[in-house]
Every structure is written in structure tokens, then in C-alpha cells.
Amino acid sequence: MTAATLEVTRPRRRPLGSAPLWLAAALLAAVSTVLSDRLPAWAVEYPRAWRLPIEPWISAAMKWLINDATFGLFTFQEFTRSISWLFNWLLEAAYGLLAQGFTFGKGEDALHIPHVSWIALIVVLVFFARRVGGRGLALFVAFCFLYLAVFGQWSSAMVTLASIVISVPFGVLAGLLVGIAAYRNAWVEKAVTPLLDLMQTVPVFAYLVPILFLFGFGPVAAMIATMIYAAPPMVRLTVLALRGVPEEIKEYGRMAGCSRHQHMWKVLVPAAKSGLLVGLNQVVMLSLNMVIIASMIGAGGLGFDVLHALRRLAIGEGLEAGIAITLLAIALDRLSQAAATRPPPAHGSVRDGSWLARNRLAVGALVLLLVSMAAGALVPAIAAYPEPWTVTTGKFWDEVVAWLNINLFDTITIVKTWLLVNLMLPVKEFMLALPWPVLLGLLAFAGWRLGGWRLALLPVALGAFILLTGNWEKAMITVYLCGLSVVIAAAIGIPLGIWAAGNRRRTGGTLAVIDTLQTLPSFVYLIPVIMLFSVGDFSAMIAVVAFALAPAVRYTVHGLNQVPEHLVEAGRAQGCSRRQMLWKIRMPLALPEIMLGINQTIMMALSMLVITALVGTRDLGQEVFTALAKADTGKGIVAGLCVAFIAITADRLIQAWSRRRKAQLGVA
Amino acid sequence: MKNLIRTAVAAGALALAASAPAAAAAPESDEPIILTLHDWSGQYITTTIMGNVLKSMGYNVEYVQADYLAQFAGIETGDLTVAMELWDTTAAEALAASIATGNTIDLGETGMAAKEEWWYPIYMKELCPGLPDWQALNACAELFATPETGSKGRYLGGPVTWGGWDDERVEALNLDFEVIHAGTDAALFAELESAYQRKAPFLGWVYAPHWAPAKYEGEWVEFPPYSAECYNDPSVGLNPDMAYDCGKPSGLVRKAGWAGGEAVWPCAYQAIRAFRMDNATMGELVAEVDLEGVSVDDAVNAWMDANEATWQSWTACEG
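Line by line, the protein sequences are chains A and B. Our numbering numbers the first residue of the first sequence as 47 and each following residue consecutively. Our numbering numbers the first residue of the second sequence as -6 and each following residue consecutively.
I should point out that these hints are in silico values taken from the structure, not numbers from a laboratory. Keep in mind it's a predicted model, so treat the numbers as computed, not measured. Don't take each hint at face value.
Lysine-lysine pairs mimicking DSS-like chemistry, simulated, CA-CA at most 30 angstroms apart [what the hints assert, rightly or not]:
id: 1; chain 1: B; residue 1: Lys118; chain 2: B; residue 2: Lys108
id: 2; chain 1: A; residue 1: Lys474; chain 2: B; residue 2: Lys108
id: 3; chain 1: A; residue 1: Lys441; chain 2: B; residue 2: Lys145
id: 4; chain 1: B; residue 1: Lys192; chain 2: A; residue 2: Lys676
id: 5; chain 1: A; residue 1: Lys312; chain 2: A; residue 2: Lys236
id: 6; chain 1: B; residue 1: Lys192; chain 2: A; residue 2: Lys441
Just chain A, same shape as in the assembly:
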């Protein structure tokens, strides 16, 4: 035990090799920036003439795909359109059931069957929650759905719910199948991994235009975009979870003579359940994250309400709709988790009795829902929550923001101006003045020190793409904005995580706040932020920090809490003070986890770019946003790839650093 502690406190090698080399590299960057006027012009600003016309190539390829690509019997577009026809059919059914009812015939003479009653739906969901998760869950679900009814969000929430109910199972299933294929074949995994990186880091707006062309306008296109964004974690977690199944269980499956199919579905998948459930959680959360963006291209529902309210600067109304999204996300997540982890019924007990007796609850629920639909036709209050009973706190929040604005604006402006002049503008100017060959050289050096020549080549290749497409300056503004935001998020998030990690109650409370911050659509707090901080980089930075804070806190808590008990024990035996325990033992050991948290913070910060484009930044996010508005496929995809490449560079370098560090500490 002492040996282990010794190794922790006094690593044999100095970390990261030779410090003088790093120092020299940093100096070179600083000097080259100061002297950038004396350098040849091409080194400071990449010449326009050296650009490659990649954007038109992509646009042309897309045009070909949409107009001419064919499988022989049918064209590519006919293929995608038939997919959207299928989804549309499912979605219509879900809409009809939950939100709109069914209409036969046309115009004003049509026959209308109302949708499922709000009362019946709440009753059924609460019973279901009671059954799978106990009383606590039942109360929580009742609270969430009553909120939707009482605050007048019911009908919009049902539109959102309908699309989630269809898209999540498909996303999970697709993710699971791809994950299984990747687990079975190494080459599938090799092919899929970079694709997943792109799916998660290319901003959604970048591929919306081609999706609109291929799948048509409307809720289906929004749903497909949601799936592309939300499914990758499911794939990753499936592979991880299947790998994590203990060798003994696999062995047992083989000994029992399972076929390949049985081995997968009866042994591996059930054994990997807890990992797969995290995947489910991520799909649900990310799908609801997309609600706002999806509503911009035709999904309607709560996302549209948020947008519409904020367009009118009805901040309170926007907040109420935003909270509805958060509650829906958390309720769906807890329900699906509980349903999936419910212990299987004892063997034999289920098979007794007739089919009716076994499925009493399901049949009861179905009858209740159907009866309520019929009753809703006679009594409107049964079908839809009566409007006079709704409550709103909208005015109150509007007044809170107005009060803050009138009374605190001047103070806020002083702080803002100081930060702008002393921190943000200098960093921005530095990034823009930094000659591109120097930055690429630095990245290559870092890659080489951390992971050998392959890691040195990667940033150079990705950076070359950004240069060749002429997006360097915008990429530097992106790096400046996200970089600063990440530093600030880490400066707030890591201490907060340290504070929360000590104590179970604090951990629970902090994580609940963090969850809310992450599922609450950022647009909701963006508008008050603009009112208080005006349009500009500062507002963008606040929005990014608020969203990217979550992983910094979460991974710090996680890292500190999972430090091996025997090492903590050893520290105590050595007579370490509390302070020494934290800084000499727990923090160094948690550092790799914390760095992964920073990695995720960077990813979150980059994924917020598209949202900050809405407040008028001039970075790659804006480029993507403009391309969307002009339906320019090539431009959007190129700018989206540039964002992804920044993310991938940061990710690979940090991962390599974290791996080395872990190896040095012997906690790999």
C-alpha cells in the first residue's frame, strides 16, 4: 500500500516528458504572434488563391444524389421518400392518438374522433409508474404530467411526445444493431467510429438541408435529424457494454451450447443491460435536446412554443414551455429506466391464468383510453384540459427580468466591459494574429509528444482541410470563443464538483441542478441573457458556459468519488491533512476523469455554436446557420466538418494525454 502511495506522490518520470521543449513551443507561438507583421503575408493570412473549391463539389454531389442517383429499379430519392412515408404513417397515428384525434372526410363536414383524454393518460401513466418504479416514481410522473396540464402545455407536449415515442425506439434499435455489428466485426467498428464522431460533432443545421431535400419538409425530416444526433451514444455504449460482459458469462453461454443468435440475445444483451440503459437514457435526453431545433423545420410542439414565445419576448411563457420539455425528458427517462430494470417476475408465476388475467392491467389501460376517447367526444373537458383552469406565471418572470435589467444593468456592464477589454478581446486578437503554420506546428508537436507520429499527423491533416476551404479565420474565432468558455466552465465546474463530491446530499442536489440546466432548452435563457448583456460575444460565452458546465461538474464528482478506497486509506494512515488528501491523493488520481470531463465540456461548447449563432457570433456556427437559411448544402457541410475537426483534434489530444497520465499513475 505504501508503495502505491509513493508512486502517486512521486512519479518516477516527469509527466509529459521534457518541459523545456513545451516551453520553447509556447515561446515560439508568442514571438511569432508579436512579430506577425514581419512574417510573409501568406503565413498570417492564408491566401485566397490557394483554396480548393470543396463547397461546390459537395453541392454538386448532393444534387446528383437527389436528382440522378439510382439503384436501378428506383432512385435514391424514391428510396428516402419511401422511408419518410413509413415514418410519416407511424407519426400520424401517434399524433392522432395523442394530440389531434382522427378526422375522416374533409373540410368542415368531416367526422372527428377525439384524441386520448388527458385524465386517462395521466391515470394510466401513474399506474404504470407505480407498477414499475414504486410510489416515488408514480408521484413524480403525476407531478410532471399535471404540470403540463395545469400550465396549459398539454396539447403541445403531446405533439412532442408523439414524435419522441416514435423516434426513440427506432434510435435505440438502430443504435443497438449497429453496436452489435461493431462488436462482432472489428472492421465495422473501424468504419463506424469516425462516422459516429462526425454525427455527434457536425452541427445539426449543417445537414438539415440535404435531409429536407431527401425526406421532405415536415415532422419526419425533423425526426430523422433527431435520430442522427441522438443515436451515436447508443452505438458506443452498446459496444462498451457488450465488451464489459464478464468472460465467465460468455464462457457459460458457449458451454450451454447457445447458437450465435441465442448467445447474443439471451446471454450477452441481458448481461449488458445496465450499460445499454445508459444508452437509452442518452437517446431520450438528446432527442429532447433537439426539440427546439426540430421545431424550426416542422416538428411543432413544445419547441415551437418556446421559439414563438421568445420571438414575442414573452420570457415567462418561454420558460414555462422550456420547463415542460425538461420535465417530459426527466419523466420519460425515469419511466423507461424503471421499466427496463424491473426484476423479471419469478419463474412460473406469470404463466398462470388466462391471457386476460395475466394482462389485466394492460387491458384495463386500453379500455380506459378508448372509453375516454369516446367520452371526450361528448364532454370536451375530458378530451382536453379546460383552458380556464390553466395557470401561468409568465408575467411574473417577465417582471423579474425587467427589474434585473433596470436595476442591475449598469453594474453588469462594468463587469462585462472589464472582461471584454482585459480578457476576451486580447485572446481574440491573439488567436487571429497567430500564424497558421505556427499553430499547426504546435499541434503536431503536441500530438507527437503525446501519441507518436500518427497523432502528430492528424491535427495537421484536419487543419489543412480548414485552411483549404478558407474557413481558418472563422475557425480561430470559434476556438477563441469555445476555448475561453471551456476555461471558465472548468474554473467554475471543477471547484463545484470538488465541493459536491464530499457529501452525498450535496452530490444529489448539484447533479439535479446540472441535469435541469442541460435539458432546459438554451434558447430559454438566451433571450434574458441578451437583454442583460446585449448581442455579442459576451452573451454567447455566457450561454456556452451555462450549457457546458454540466460535464465539468459531473466528471469531477465521478472522478473524486471513484478514487480507490485503499489509496485514500493509505493517505489517512500517513497522517495527511484534509488539504493534503485532496491535493496530493484524490485530485491527482481523479485527474484523468476530470480531463475526460473537460473533453466533454469542449464537445458541449462546440455543440452550442449553432445556438450562439442565433445571437450573432461570427464563427463557424454562423457559417452553418447562414448556409441553412440559404439552402446551401456544400457550405453548410464544409463548415460543419470544420467544427467537427476542431472537436476531434481536441478530443484525440486530450484522450492521449489522459491515457499517458493514467499509465503513469498506474490506475489504467
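Dock chain B against the given chain A, drawing on the hints supplied.
Relative to the frame of chain A, chain B by itself:
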């Protein structure tokens, strides 16, 4: 059981159909007419009125949320049928390009006229007495300055996608201003609201018909009047070397639709062509919805009840 329900439904539908007023022309097709919705209330109102009128004629109507400029791709393929508000000021180029494909047709003007220009709250006039004349702007530039813009004044322009040539205008007219682009309409008006609450300086892009000119008291800056030559020909206007040395054009708000729809729903297309609304009426409706919190449906229903003769006249189908 299933058959029973189906029969009952069919019988019910028949009974209802039979009781329908015989005067209404039978719609030519069950295919839904898909109207696009954008994210500002005025467009929402216009579209809902048109949708209700089409429903009263017996058509199936659907609404789809679509991006203002990206929607043309959908209209050309027939995924979307009709766009009710295309402003000459922001969509003229995209509309012309779309019509050139042959798959989109102009469905005429809406009767509303778009006005957009640099705008300031009325209290700024006391601090900068020369307004609304644009030549007073430079003397007051410091008034509008912020730490980010240095000594230059700050003008909050619309999202980059709105175009508007403000950067060029600043250069051509030699204004000591920096154009900051708000990313969205919401961001633009959030800042206006914030400034107005504090009676702080504000100069930004405001347009009508919109709720803002109704809610906030203010005026548009008067630039040299717009002409097509001023935009196209550098030699025209005050600055002999540069174009855009004048104000923004005001323009009509048009409707457009999928060309193929003409054959599917001829009467519906006639009704859409006949749709007319003026700025004053629209301003009232938008104010009701955005400022008084009346729902779009309620506001539209109230208007339709009060103006039945007006919209009934659009539905007459000849031919």
C-alpha cells in the same frame, strides 16, 4: 367489431356530408393543401386566416413549420403548397430564383407593404436633435458607442441572412458606425426591449408590419430615398464611387405556391390569389396577439366573424 366501427364511421361521414350546404363548391381533391408557417406572428395570422378560408371551402389543410428561405426547396417539389408572406425586402432574390425553375408561381400581392429601416426610440431625439435626418447620425455616433465598438456608434442589424446591405451602406455614406448582426429576430428585439426599459440608446433594424413599432414609440431614420439605380450603379447617389448610398427599399409582401397545385386545387388557388389584407388591419391583429396575449386562433376567429363578407368574396370560384 372492426367492421362495425368502420361502417358506423362511414355512415356518419355520409350523413354529415349529405347535410352540408349544397352551395359550397365540392373541393377538387382530398389532398391536403400545405401552408408554411414561419416564426413571426404576422405570418402566422395571415396563414391561419387563409387556412380557415380554405377549410370553409371544404379543403383539407395542413400547416408545416418551415424556414423562411429554405422553404423554396419544398415548394418546388410540391412538399409544401403555399407560402403566404414573402417580403420583397428579404425574399425577392430567392423568390425570383425559385420562379425561374418553373416549379413555383407568384400568387400575387397580399396588400401589405413592408417597411424596414434604421430605427431609434423617440427619447433619442432629445439627445440627438438632428434626427430623423441621417446626416445627424455621425454627430451622435458617440452616443450609440459601446466598449466593443470603440468610438464608433453601434447599429444592431438583422441576422446576416436578411441581407440588407448595411455594411455597404455604412461605408458608402461614410457613417461612423459599426454594424453588429443580431443572429435572430428574437435577439434583435430582446435588445430593443432591454434598452427601452432603461431608456438607453438604441439604433437598430426595425420592420413593419410587426408588433415592435406598435409597442415602442420611435421613428425610422430618413436616408436618401431608395432607387434601383442607387443599388446597382455606383455613380448614382451621394457617393460617386459606391452603390448602396441610399435607404432600404420598401416592398410588397407576396404569396407564392407550388406550380403543380394549380391543376390540383384550381378554386383554392383562386382564393389564395384573391387574399388581401392591409397594413393597419395586420398591425392591429399582430398587436392583439403579441402584446395582449390573445391566441392566434382567437384573434383570427374574431376577425373572421366580424369580416365575413370580406373573406367570403375571396371564395367565389369562376371557371
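Each hint tested on the structure:
| no. | hint | in the structure |
| --- | --- | --- |
| 1 | Lys118/B / Lys108/B | holds, 21 angstroms |
| 2 | Lys474/A / Lys108/B | violated, 37 angstroms |
| 3 | Lys441/A / Lys145/B | violated, 37 angstroms |
| 4 | Lys192/B / Lys676/A | violated, 36 angstroms |
| 5 | Lys312/A / Lys236/A | holds, 26 angstroms |
| 6 | Lys192/B / Lys441/A | holds, 21 angstroms |
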